[in-house]
Structures are given as structure tokens and as C-alpha cells.
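Those sequence lines, one after another, are chains A and B.
Each residue of the first sequence is one higher than the last, beginning at 1 in the UniProt record's numbering.
Each residue of the second sequence is one higher than the last, beginning at 1 in the UniProt record's numbering.
Honestly, the hints are just simulated from the structure, not real lab data.
Please read all numbers here as calculations on a predicted model, not as lab measurements.
Check before you lean on any hint, since a few could be wrong.
To be verified - In silico lysine-lysine, DSS-like type, Cα no more than 27 Å apart, as pairs:
| hint | chain 1 | residue 1 | chain 2 | residue 2 |
| --- | --- | --- | --- | --- |
| 1 | B | Lys90 | B | Lys60 |
| 2 | B | Lys90 | A | Lys57 |
| 3 | A | Lys214 | A | Lys57 |
| 4 | B | Lys60 | A | Lys214 |
| 5 | A | Lys214 | A | Lys225 |
| 6 | B | Lys3 | B | Lys90 |
What the hints assert, rightly or not - Examples of chain A residues toward chain B, derived with CB under 10 Å:
| hint | residue |
| --- | --- |
| 7 | Ala43 |
| 8 | Glu47 |
| 9 | Phe341 |
Where is the CB? At the ideal position from N, CA and C, for every residue including glycine.
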Amino acid sequence: MAGGAPPESVVVVGAGQGGYQTAASLREHGYRGGITLISAEDALPYERPPLTKAYLKGEADEAMLWLRPATYYVRQSIDLVSGTVTEIDPAARSVRLSDGSTYDYGHLVLATGATPRTLDVPGAELRGVHTLRTAQDAAALQSSLAGARRVVVVGAGFIGLEFAAVAREAGVRVTVVETLDRPLARAVSAYTAAHFTRLHRRHGTELLFGQSVKSLQGDSRSHVKAVELADGSRLPADLVLIGVGVTPRTELAAAAGLPVHGGIAVDSRLRTADPHISAIGDCAAFPQVRSGSRLRLECVQNAVGHGRSVAERLAGTSRAYDELPWFWSDQFSTTVQIAGFDEGHDSEVVLGTDPDAFSVLLFRGDDLQAVESVNRPGDHAAARRLLTQGTAPTPEEASAPGFGLK
Amino acid sequence: MPKITYVNVDGDQTSVDVPAGTSVMRGAVFNDIDGIVAQCGGNMQCATCHVYVDESTLDKLDPPQEQEDEMLGFTACPRRPNSRLSCQLKSSDALDGLIVHTPERQN
């Protein structure tokens with residue numbers, strides 16, 4: 001399809017970064033039809049990365065997170081609706097909200113995001129047990145942290161570790177419990193993971209690997225007071241953050257009969273099986289152009305890139321989505337930046353001899369798949385360029401003495 | 001309060017008060033000024049808040065730090081000697097009167 005006529009109206013379900021970007025890019029590309037952006041939250045679209053960082057530290061209020069002020073949506077004729085979509089009617093091309101209202105669409109974009117996984121253990125519902133996804137979650141966590149003395153973080157992924165760092169900086173005792181044998185196991189190489197283990201231990205955080213949670217125990221006021229591990233040990237806690245990943249929100253799509261394969265299944269142009277429905281961002285499983293395998297990514301770059309891509313298609317131009325994924329995380333004074341996506345590497349080349357500032361190049365055969373840079377922003381910038389331009393080095397070239405990415 | 005002037009590619013100018021400590025990027029976003037995308041929210045990860053600082057006000061600024069300098073290699077429009085990432089320009093009395101030109105596109 002080379003674009004075709006733009007739809008008369010676009011309804012976007014989900015006003016996270018991807019949903020917002022779809023609406024904004026549609027107008028940038030001159031789309032004049034109706035745009036309805038439906039948010040499950042009663043707030044202007046906002047950024048999520050600061051929720052574990054500046055916002056949690058009290059360095060940014062909610063307005064600081066807004067992607068745009070309210071006047072923007074008025075000026076751009078973007079109808080911002082607060083409500084929960086309960087049903088898609090693909091035949092009638094409409095969505096229904098929990099308050100009974102319906103919105104007809106020419107095209108529907110599902111940007112429903114993901115929801116944090118919870119623990120299926122006794123005590124998971126106790127007060128003082130948090131997950132972190134929304135500004136409301138972050139506000140609750142911030143207020144809980146203010147009165148906390150002992151924090152247990154379940155899961156050593158990015159959310160868990162970023163929160164652990166903030167809690168340590170607030171002077172609270174922090175223990176991180178992880179079922180696998182290292183942090184960030186699904187996200188970074190063993191080499192980079194080892195850096196983060198050292199970093200957090202150096203700051204006084206206790207990291208327990210190969211441990212799972214058996215139950216959460218509460219006091220007489222139903223507030224968490226301890227975490228019981230599978231080995232029977234017991235960690236006192238007055239605040240618990242569960243950071244064990246997310247589940248893509250695919251229920252609406254599935255109920256509408258759309259295929260779901262680990263996420264709402266879309267093609268390289270982010271179209272679902274229904275030509276009038278697209279899916280983007282955290283909830284969408286899309287084919288990676290380089291390998292053809294289906295990917296679902298949870299990062300700002302992906303949400304924004306998808307939103308832009310769908311908007312371009314709906315406004316009349318069409319090309320396969322082929323943006324290089326990239327990601328970053330700040331913990332203490334360390335920044336890790338990842339360019340590309342590691343679909344399973346068979347060799348690594350480390351650049352830099354400083355244990356706190358290095359880059360790891362991940363190869364599959366001769367192909368550079370991803371570069372992890374810790375406190376080496378120049379390497380990250382260069383890696384993004386090399387991976388985008390397809391001029392990446394081979395393992396032999398990268399291993400040569402004096403090799404640099406820049 | 002420090003005043004920052006944003007000039008778009010058509011030459012339209014908007015002058016707004018940007019509280020000290022707030023970035024020139026945020027000043028644009030808060031005041032609904034187009035031309036600055038700021039995809040990463042001011043974390044020096046994306047170069048989509050690129051601006052050209054007006055030559056007449058360039059001396060109000062210190063030169064970019066290493067990471068900003070590196071990311072300026074990623075701008076959608078050509079980097080020039082007066083290119084900066086507006087997320088790294090923190091408003092202050094010293095910046096009062098700063099004029100920045102937003103580029104044709106950011107990504």
C-alpha cells in the first residue's frame with residue numbers, strides 16, 4: 001500500500017509517549033482529519049523516564065513532565081479524552097468507553113502500553129507494596145519512600161535498579177532480590193551487568209541473586225513489614241517495589257479478534273490484521289527488518305519511532321519501520337546507553353580499560369548487533385551512527401589495537 | 001525573569017520568560033513553541049532539541065560539555081559552530097536576552 005487516501009478520523013487509544021507522538025506527528029504531516037487521543041489517566045500526556053529519577057527525587061513536579069501544555073492540544077485540534085476503552089467494534093469502526101460513550105474512527109491506533117507484572121504470592125496486596133508505571137504510581141512511591149527505612153526491591157531490571165539507586169541516595173537501607181544470577185539479565189551483557197553489581201554494592205545496596213520471594217508479610221495494619229524468601233530467610237521491609245517486568249496490554253485487541261503473538265501482532269508498517277487498526281509502542285510485536293524476527297520493545301525511542309511512522313503512513317506516505325532501537329538508564333552517576341538490539345550474540349569486544357567507563361560491542365558472527373556504553377557517551381553516539389549507516393566494524397577490526405568507534 | 005527569544009524558520013519570533021534553572025528546551029515546551037521536539041526529555045540522548053544560537057548572543061554561553069558536543073553530531077539539520085542542545089542551556093540572568101533559532105526539522 002503506497003499510502004492511499006488519509007482516513008477521515010484517527011482515534012488513538014493510549015496517551016503515553018507513542019500515542020502522543022502519533023497525534024503530534026499527524027498534525028506535523030498536515031493531517032486535517034479529526035484526532036482523538038484517549039488517555040486512561042486524568043492527566044496531560046507526560047514523559048515516563050523521569051518517574052524513576054528526577055520526579056522521584058522531588059526535582060521535577062508533574063507539569064515538568066508534560067510533553068506539551070494544554071494549549072497545544074487545543075491549538076492542534078487534538079481532542080484529548082480521559083477514559084477507559086472497554087471495547088473495539090471493528091465492524092462498526094468504533095470504540096466504546098466505560099462511561100458508555102463511543103467514538104467512531106476511520107483508523108484506530110492502539111498505543112495501550114504495558115502494565116507492570118505483580119507477584120503471585122501471599123501478601124502481594126499489602127500496603128507499602130508498589131509497582132511503578134504511572135505518575136500516580138511514582139507519587140505514591142515517593143510519599144512511601146519519605147517514611148521508609150528499609151526497602152526491598154524485587155527484580156534487578158532497569159526500573160528496580162533505578163529506584164534502588166534513588167532510595168540509597170535518600171539514605172534508606174536497600175536490598176534487591178533477583179531470581180537470576182545477575183542484574184539486567186535480559187537487557188545487557190554479563191560484562192555490563194557485572195559493572196552494575198559493583199556499582200550498587202559500592203553504594204551500600206545489598207544484592208541477592210538466585211533468590212525468589214515466597215511471601216510478603218504484613219503487620220496488624222496490613223502494611224508490609226517483611227519479605228520472606230524461598231530459602232526461608234526474612235528481610236524486614238516497610239516499602240517493597242515490585243519490578244519484575246511488564247505485560248503488554250493486548251486485551252482489547254484480542255477481544256476484537258486481532259492476532260496477538262507476545263504483543264499485538266503488526267507488520268513492518270505497524271498494521272494489525274485489520275487494515276483499519278494499527279498498534280504501536282510497548283504493546284506491539286513488530287517484525288525487525290534486519291532479522292525478520294518479531295520484537296516487542298519497551299522504550300521511549302520505540303514508542304516515538306512507531307508513533308511517527310504510523311502518522312506518516314496515515315498522512316499518506318508509507319515505508320517499513322526500520323529505526324535503530326536505543327535506550328538509556330541513569331543510576332547514581334552512571335549512565336548506560338544501548339544502541340541496537342542484541343538478538344543473541346556469540347562474541348563480545350570490550351573497549352576501554354576503565355571498569356567504570358567502557359563500551360561492549362556484541363557481535364553475531366561478523367555482524368555488530370548492539371553496543372552498550374557505560375559512561376562513554378561518545379561511543380554511544382558513534383555506535384548509533386555506525387549501526388544506522390551499516391558501516392559497523394567486524395570483531396577482528398574492533399579487536400585491533402587502538403580501535404575506537406569514533 | 002530571564003527572557004529567551006525563539007525564532008522559527010519563517011522568522012517568527014516569540015519572547016518568553018523562562019525561570020532561572022529551567023532549560024531553554026523546557027521554556028519552549030511550556031510555552032507551546034514549535035520547533036523543539038525534545039524526544040528524550042532533556043537527557044542528552046537524542047539531539048532533537050537542537051537550536052542555533054543567534055551569533056549576537058553567543059557570548060552569553062559557556063561552550064558545550066563533552067556529551068553535548070558528541071550528541072550535536074546527531075542533529076537532523078547540519079551542525080554549525082553556533083549549534084547547541086537547548087536542554088543543556090539553563091536559564092539564568094546571564095542568559096537574559098538569549099536568541100535561539102529553531103532548525104527546519106529535528107528528526
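Against the structure, test the hints numbered earlier, and report the numbers of the ones violated in rising order. 3, 4, 7, 9
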